[in-house]
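Q: Here are the chains, one letter per residue:
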Amino acid sequence: MIPEYFSYTDSFLHKADPRMKIVSAACVTGVVAFSRSYSTGICGLILALFLIALSRFDTGVVVRRLLAVNFFTAFLWLTLPLTYGGEALTLGFVTVSRQGIAMAALVTLKANCIVLIFLALVSTSPVSSLGHALRKLGVPEKLCLLFLFSYRYVIVIAQEFQRLLRAAKIRGFIPRTNIHTYRTYAYLFAMTLVKSWNRAHRVQQAMVLRGFNGRFYSMYIQHPTAVERVFFGGITLLAVGMALLELRG
Amino acid sequence: MEKEQAVVAIQNVSFTYPGREYPVLDAMNFSLGKGKVGLIGPNGSGKTTFFHIIMGLLTPGEGKVLFKGSIVQGEKGFQDLRKSVGLLFQDADDQLFSPTVLEDVAFGPLNLGASPEEARKTAQETLKNLGLRDLEMRVTHRLSGGEKKLVSLATILSMQPELLLLDEPTNNLDQETRLRLIDILNGLDLSYAIISHDWDFLEKTTREVYVIEKGRITQCEKASLHEHHHAHVYGDHPHHHGD
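In order, the protein sequence lines correspond to chains A and B.
Going by UniProt numbering, the residue at position 177 of the first sequence is 177; the numbering climbs one at a time, nothing skipped.
Going by UniProt numbering, the residue at position 102 of the second sequence is 102; the numbering climbs one at a time, nothing skipped.
Next up, chain A with everything else stripped away, as it sits in the complex (with noise of 0.2 Å):
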């Protein structure tokens, strides 16, 4: 199960048309990916705590989605400051890099900010307006089924993989580390591969039974309000300013 934690509650920014909030998401973090100074990173956290903030998520889930991004950051932190060279730093009895500090610092920083410019902006949309607004967006029509499909039938794939594990675990199957058990795995990912691939064409064949000729229609044709258009209108132009600043600092 995908489970959409943060697409139900009922806030402006759930409201809002996916396609302005993809656009403006897209800016931000693009300038904050891509910037050298804290500057530009403190400015892009403190628009993103004042987007969550107004997305009325519960803190709880907020702060766990962080603890697994930076899981990955405390690597960082291990390894960057023993390694990056520059000016030595002594505490206590371990020399590390200030530069390697000042690193890991910022790359820490610019996560936290992208993941919460996300997590206000896009998980705010059900997974299916995103693929139709990626679509109005002009993303190719390919790339916008391969995402839609994705979605709905990873899931069902999981199932079947986990049906078949079942079967060989109820058939007495413990995985240790021998060739056996990478065999069965190797059977059980083969098995799951063919059986997507027919599940493919079965659903293929239900699509062309019902008139499909390779158009996606959409049903929903929202228009940006008035509203919408200056909110967002003015985070892409905040992402702009952060953006000349970076080139001029």
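Errors might be hidden in some of the hints.
Now the in silico label distances, taken between C-beta atoms and shown as ranges [as the list claims (entries may be wrong)]:
| id | chain 1 | residue 1 | chain 2 | residue 2 | range |
| --- | --- | --- | --- | --- | --- |
| 1 | B | E117 | A | Q159 | 50 to 56 Å |
| 2 | B | R20 | A | A158 | 31 to 37 Å |
| 3 | B | Q175 | A | L66 | 43 to 49 Å |
| 4 | A | F75 | B | Q160 | 58 to 64 Å |
Just so you know, these hints were derived from the structure itself, not from any lab.
The beta carbon of each residue, even a glycine, is placed where N, CA and C say it ideally should be.
With chain A fixed as given, assemble chain B onto it according to the hints.
A: Frame of chain A; chain B shown alone:
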């Protein structure tokens, strides 16, 4: 069944799966027109194959498919046929691919050229007729098995077909959904053919029953329908054994 009534018919159709020695369908003739028909037969007897040949999903080695009296040729011909004949798949997960129920039910009408507003209206109407209006905005993969089956029926009915083919519709359905499906089918002013192993279900939803066996199709006496053995797990559920 009168010949001029037939919506679809197959003539001398033979079909052999690659790598098999014997044909699943052997010079079979059959026509489906007005009426409610059941098809039974052992596993692997070619029931699903028969439906798939009618819909143009499989091409028979020999024989022809006729739609309203004329031979269906090529993909274009089958595209026309598919506007009038709907097929309900065995596995509802194959049939429901749109994110939401409403989008899935509107998919067919949109493909047939309806505007988004018309498609939405048709879809909502169809869902209402089946008593599924509440499911409209639900995400398809989060529906229960029974809901999935009924919604996939809605996705076909929204195309307003003349003839419906149902492939083992009661597979994995609970008693409640099964009874609901019986009600829905009996209330439809529509011709259909049902493949099923569920004798009791066929008895309640169809007028004639045919048997497919060894590549041939024969009419089955309705009287023989009640010669069956089964456990009445739900002891309180009323059960007809015919006259």
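Q: For the hint 31 to 37 Å, verify it against the beta carbon of R20 of chain B and that of A158 of chain A.
A: 33 Å, holds
Q: Between E117 of chain B and Q159 of chain A, does the C-beta distance stay in 50 to 56 Å?
A: 36 Å, violated
Q: At the C-beta level, are F75 of chain A and Q160 of chain B separated by a distance inside 58 to 64 Å?
A: Given a distance of about 59 Å, which is inside 58 to 64 Å, the answer is holds.
Q: Go ahead and decide if the range 43 to 49 Å is satisfied by the Cβ distance of Q175 of chain B to L66 of chain A.
A: Given range 43 to 49 Å: holds, Cβ gap about 47 Å.
Comparing the model with each numbered hint stated earlier shows that hint 1 is the single one that does not hold.
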